[in-house]
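2 protein chains.
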Amino acid sequence: MSKILNEVLHANRNYRADFDKGDLPMPPGRRFAILTCMDARLDPAKYAGLSEGDAHVIRNAGGRASDDAIRSLVISYKLLGTREWFVIHHTDCGMETFTNEIMSDLLSKSLKTASIDSSGWHDSCEGPGSTDGKFINWLTIKDQAESVTEDVVRIKSHPLVPADIPVYGFIYDVKSGQLIEVPSATAAGRVE
Amino acid sequence: MSKILNEVLHANRNYRADFDKGDLPMPPGRRFAILTCMDARLDPAKYAGLSEGDAHVIRNAGGRASDDAIRSLVISYKLLGTREWFVIHHTDCGMETFTNEIMSDLLSKSLKTASIDSSGWHDSCEGPGSTDGKFINWLTIKDQAESVTEDVVRIKSHPLVPADIPVYGFIYDVKSGQLIEVPSATAAGRVE
Chain A
-8 MSKILNEVLH ANRNYRADFD KGDLPMPPGR RFAILTCMDA RLDPAKYAGL
42 SEGDAHVIRN AGGRASDDAI RSLVISYKLL GTREWFVIHH TDCGMETFTN
92 EIMSDLLSKS LKTASIDSSG WHDSCEGPGS TDGKFINWLT IKDQAESVTE
142 DVVRIKSHPL VPADIPVYGF IYDVKSGQLI EVPSATAAGR VE
Chain B
-8 MSKILNEVLH ANRNYRADFD KGDLPMPPGR RFAILTCMDA RLDPAKYAGL
42 SEGDAHVIRN AGGRASDDAI RSLVISYKLL GTREWFVIHH TDCGMETFTN
92 EIMSDLLSKS LKTASIDSSG WHDSCEGPGS TDGKFINWLT IKDQAESVTE
142 DVVRIKSHPL VPADIPVYGF IYDVKSGQLI EVPSATAAGR VE
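From first to last, the protein sequence lines stand for chains A and B. Taking our numbering, I'd label the letters of the first sequence as residues -8 to 183. Taking our numbering, I'd label the letters of the second sequence as residues -8 to 183.
There may be inaccurate statements among the hints.
You can't tell identical chains apart in this list, so a pair holds if it fits in one copy or across any two.
[To be verified] Taking lysine-lysine pairs in the DSS-like style, the calculated list, with each CA pair at most 30 angstroms apart, reads:
#1 K133 <-> K37
#2 K100 <-> K133
#3 K166 <-> K37
#4 K100 <-> K37
#5 K166 <-> K100
#6 K166 <-> K133
#7 K133 <-> K(-6)
#8 K100 <-> K12
Worth flagging that the hints you see were computed from the coordinates, not collected in a lab.
Chain A extracted, bound-state conformation (with noise of 0.2 angstroms):
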């Protein structure tokens, strides 16, 4: 067995030994959901306080409105009765160290990469690739503040979201631990 399945499944077994929330209802007690980044650096029960049943989180590459994001913010709201949602996406974001075209690149290389460190990522081009990501929208990111704005946005006006829902959006400081407000996007996210 792999070792990180034998710990994954090993931590598991110390969360069942005490575990007293099997009585929770589907429906998130608190009726709010966070959108946010896939970063193994963000814990968004930690940053925003949740317990088990509180909350929705939905989170992908980037914290981005993607229609996926937007069909379980709708499934979240329609069926499970959430009525405040957050954007949060992060400083030193991976979205940012690359664009659509250098993604392609790197996959049209090779599926495999090299070695990676803090500082970024390079390419081996070990082996030959078959496939590129060219037809693939990365949903890379050039500044945070934009690209929370961009989302709320796209979020408040997608057809089948609601008006009447508030949105904020928010910075995540992987330096401080800090949630810091989006004006715009907080603007863009209000219910008129």
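Add chain B to chain A, keeping to what the hints say.
Okay, now just chain B, sitting in the frame of chain A:
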């Protein structure tokens, strides 16, 4: 200020008061990623034993292998070095409670919804709705073991997913906190 917004910012002040994670690198330290559901009862950091910096966490309605989830996984592998992936659906999932047809019907009646309790949901038909959701695949679920296997197969057969990455399939039991392996999924996710 909204009560929820106030509570989130208060919790965040507490989190950052003794924050000591400011120097973590961008790539996940334990080099794996989890794809799981947005459900409020699930805390992947707790059920799988993650600290900040350990692993990517991707979440959407159902924990489905949508194109956007695969976008995130490919970035996770290619740019940030994860080398094992988990697909984790769960018991009592909201995605089992409706179908594409029901969702389309609900949205065509109204964007709002009605009283929701732990036993399910029903529509109040309040107000006029101008848009329906019939052009969206909501990625509903009929059977958890089947959906986990289907998603592992979809990930493993995607042209941008490298052949050498193992993908493990699990169901999280919301009553007990236990991760239960889905053998057919893990078999499909095996590296040949």
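Report the numbers of all earlier hints that the structure fails to satisfy, in ascending order. Hint check: 4, 5, 7 and 8 fail, others pass.
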